[in-house]
Amino acid sequence: MSDTARSTPDQAPTPSKWMLIMRMADDIDPAAMEDVDFDEMFASMGRYNDSLIEAGVLVGAEGLDPAAGLVLDFAQTPPIVSDGPYGETKELFNGYWILRTDTRDEAVAWASKAPLGPGVKLELRRVASITEFPADNEFVQRETAWRAATGQL
Amino acid sequence: MKYMLIMRQTDEALAAAKTADTEALINAMGQFNESMVKAGVLLDGDGLSDPSEGFVVDFSGPSPVLTDGPYGETHELFNGFWTIQVSSKEEAAEWAKRAPLSPGQKLEVRRITDMSDFEDFADNEYVRSEEEWRELSAKLRESGDS
Amino acid sequence: MDTRRAVDAVWRIESARIVASLVRVVGDVGWAEDLAQEALVDAVLQWPESGVPQNPGAWLTAVAKRKAIDGWRRQERLDDRYAAIAHELSETAESEFEPIDDDVLRLVFISCHPVLSREAQIAMTLRIIGGLTTDEIGRLFLQPVATVQQRIVRAKRTLSAAQVPFETPEPAEWKERLASVLGVVYLIFTEGYSATSGDSWMRTDLANEALRLGRKLAGLVPREPEVHGLVALMEFQASRFAARVTPSGEPILLSEQDRSRWDHRQIARGSTALARADALGRGRGTYALQAAIAQVHATAPTYEDTDWERIVLLYEALGRLAPNPVVELNRAVAVSFATGPASALIIVDELVAGGALAGSHLLPSVRAELLTRLGRPDEARVEYLRAAELTRNERERAVLLAKAR
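Protein chains in written order, with this note's numbering: chain E, 1 to 153; chain B, 1 to 146; chain P, 1 to 405.
Think of the hints as simulated: they come from the structure by calculation, not from any bench.
Careful, some of the hints might be misleading.
Quick list of the computed label-pair ranges, beta carbon to beta carbon [to be verified]: (1) P:P48 / E:R142: 39 to 45 Å; (2) P:P48 / B:P100: 24 to 30 Å; (3) P:Q163 / E:D83: 47 to 53 Å; (4) E:P66 / P:R405: 49 to 55 Å; (5) E:D102 / P:E389: 54 to 60 Å; (6) E:A135 / B:A20: 18 to 24 Å; (7) E:D83 / P:A179: 34 to 40 Å; (8) P:D102 / B:P100: 47 to 53 Å.
The following residues of chain B were derived to be distant from chain E, with all beta-carbon distances above 10 Å [claimed, not checked]: (9) L14; (10) A16; (11) K18; (12) T19; (13) A20; (14) S35; (15) K38; (16) L42; (17) S60.
Here a beta-carbon is modelled for each residue, glycine too, at the ideal position from N, C-alpha and C.
Based on the sequences and whatever the hints tell you, model everything.
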C-alpha cells in the first residue's frame, strides 16, 4: 500500500462521513469490460453492501445512470444548459457510497474491500459537517439545531 | 425519479471562493437548500471538505493502491452534491438552474439508477421469489407497520 | 428545448405558490386556477422564442394577473378591486413575486375542504399543491383525463358555490381539518403502496407524489407532530419498495424480503422525521405510532431479530388512541412472536367472540396460522377453508386452499 507519510494524525472530526466516489480509470480497456459477468458483479456488490449495513457504516449509496445528463455552466446567470456528460467519458463518475466511520483509516479499509476491478478507481472525500461552518450564521444554526434534534450529530 | 446535482469547480473558482464573502455564500446556499426542502424534493445533500483531505484507491493491480489527493484534474473537482426527487429531467434542470453558483462553477445533473434499471437481471439470487404467497399474514404483518 | 416539458416542470415546482398568489388577488380558487392555466398556455407559446424566464413563477403570476384585469375590464367592472390590482401591477416588478407560506397553507386546506368528496380533494390537491397535469393525475389513478378534468371543474364550482373563505381553519376545527389533509395525502400514498400488479413503477410514482406532498406540509406546518409522523410512516414504507415485489409482480413477505434492497437512506429520513415529531414534545398520534412500528421493522437486521416486544407495546398504545379490531389483530400477530402463539390465540378468540371482523377472511386466516404453529393442523385446516370461502381475491383463495391441503 503506497501511503505517503503524514506528519499529523487523522484530523477529521470523529466520527466522520466519507464519500467513496466511483471513477473510471484513465487506461480502461473497453474489451475487458465486455467480459464482465453482470450477475456476478451484481451479487458481489450486494454482498459488499450487506457487509456495510451489518457493520453499521453505510449511510447511503447510489448508482448513476451512465447516460448523458446535463451540465449547467454558471459562467453567466442564468446558467448555460448543455447536454452532458461532464468532461470526458473517462472522467465519468458512476456511483458512490457514503460511510460513517470513526476514523479515516476505517474508511480506507472499507474502500479497499469494494468489489471493484481494473478500470475503476475510488476517490475518497471527507464529507463536511455542519459543525465546521461559522456558528453565528442563522442558516447554520437552524441546520445544526435540526441535525442535533434528529440525532444526526 | 432521483437526480443528483453535482457541484464542480475549477481551481480558479476555488481560489476565488476563499476570498469571497463567506456569509453571503452560506446564506445563499442555505436559502437554496431550504427552498428545496420546502418543495419536498430534497433527499440528500452534502458538501465535501477540502480536496487535499482526499485520496484515491486504485483497483488496477492485485491489491488496492492508495494515493493522496483528489482524483483527476482540477477542472473536475467535485465539491458537493444534492440528491432530489423529481418527476422529470426538466424538473431536475429547473432546480439546478436555481443553485446560487458563480462563474467557474458548474453543476452536473445525473439521473440516479433505480431497480427498474435492473429488471433484466431478475434471476439474480438477490431478487428472490417466494415459495408460498400467504397474503393474509402478509397483509397483517405489512400493515402491522402501516 | 421541449417547451411543454419545461412548462410542466415549472408548474410542478410553482403551482401552489402561483395559485395562492392569485387567490389573494381574485378571491376565488377556481378562477385563480383557470387564470394560471391560461398563463401556462401563453408560456408554451412564448418560451420557445424568449427562453424560460429566470423567475418563471413570477412571470406566470404576472401574466395571470393581467388576464384577470383584462377579464374585469371586458366586464366593465370599474370597481376598487380593479383599481387596486392595476396599481399593484404597475408597482411590483416581476422579481418581487414572493407569495406567503400562509397563503399556500390556506390553499392546502381549501383543496381538502370537507365540502368536497374525497376523490375531488385528491384531484385538487394533486393539481394545485402537487403541480401535476390532469394527464399525470389520470395516468396515476388509471382514469381517463376527461374524468379527472370533470372532477376538477366540479370541485371548483362546489368551492365557489359554498363560498369557502381563503382562510386557515379556526382553532376549534384545526385538528379535524388537518387530519383530513393528512388523510388525503395518506390515501394517495396507499393507492401507490398497496398495488401489487405489474405496473409497480407507476405505483411508486404515486407514493412519491404523496411523500412530496407530505414533506411540503412538514415545511408549512412544522410544529404539527402528526405531519412529521405521516412523513416518517411513508418514508419507512416506501423504503421497502425495491424488495416488496418479484419482477412478475408477486408480493414478497416482510419476513422474506432481502433487506439489503431496502433504501437505507430513506429509512434514515424516516427516522429523522419521527425524531422531529417527537422533538415537539406533544406525544405521538396515530401516524407517529404507526411510523414507530414501521421503524422497528426497518431497523431490524432480520425478521427473527425484530424487537417484537416493542412492537406489541406500540400496538397497545395505538389501540388505546384509536381502538380498532384490525389494530388488535395486528397486535395479536406481534404477540405471537413476542410471547407465543398461545397468547396470541387468546386475543384472536376474543375478537371472534366480539364479532367485529365477522365477514372478513382476516380472522380465520390468522387463527389458522396460529393453530398451525401450535401443532393443531386439523383445526387449522378448518380455518383455512373458512378464510378461503370469505376472501374475494382469487389468488388468495388458491393459496388458502393449498394450505388447507
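So is B:K18 really clear of chain E, every C-beta pair being over 10 Å apart?
The claim holds: B:K18 sits with its nearest Cβ about 14 Å from chain E, beyond 10 Å.
Please settle this one: B:A16 was flagged as non-interface, so is its CB more than 10 Å from every CB on chain E?
Non-interface label stands for B:A16: nearest chain E Cβ at 12 Å, farther than 10 Å.
Beyond 10 Å from every Cβ of chain E: is that where the Cβ of B:L14 lies?
Fine: 14 Å to the nearest Cβ keeps B:L14 off the interface.
Classify the label on B:L42 as holds or violated, using whether its beta-carbon is more than 10 Å from each beta-carbon of chain E.
holds, 12 Å
So B:T19 supposedly isn't at the interface. Is its beta-carbon more than 10 Å from every beta-carbon in chain E?
B:T19 is indeed farther than 10 Å from all Cβ atoms of chain E, at 16 Å.
Taking the minimum C-beta separation from B:S35 to chain E, is that value above 10 Å?
At about 12 Å from chain E, B:S35 clears the 10 Å cut-off, so the statement holds.
Taking the beta carbons of P:P48 and B:P100, is their distance inside 24 to 30 Å?
27 Å Cβ-Cβ, so the 24 to 30 Å window holds.
Return holds or violated for the Cβ distance of P:P48 and E:R142 against the range 39 to 45 Å.
With Cβ atoms ~40 Å apart, the hint holds.
Can we trust that B:S60 is non-interface, i.e. its beta-carbon lies farther than 10 Å from all of chain E?
With a cut-off of 10 Å, B:S60 comes too close to chain E, as the shortest Cβ separation is near 5 Å.
Taking the shortest Cβ-to-Cβ distance between B:A20 and chain E, state whether it exceeds 10 Å.
holds, 14 Å
Range hint 47 to 53 Å: satisfied by the CB atoms of P:Q163 and E:D83?
holds, 51 Å
Range first: 47 to 53 Å. Now tell me if the beta carbons of P:D102 and B:P100 are that far apart.
violated, 25 Å
Comparing the model with each numbered hint stated earlier shows that hints 7, 8, 17 do not hold.
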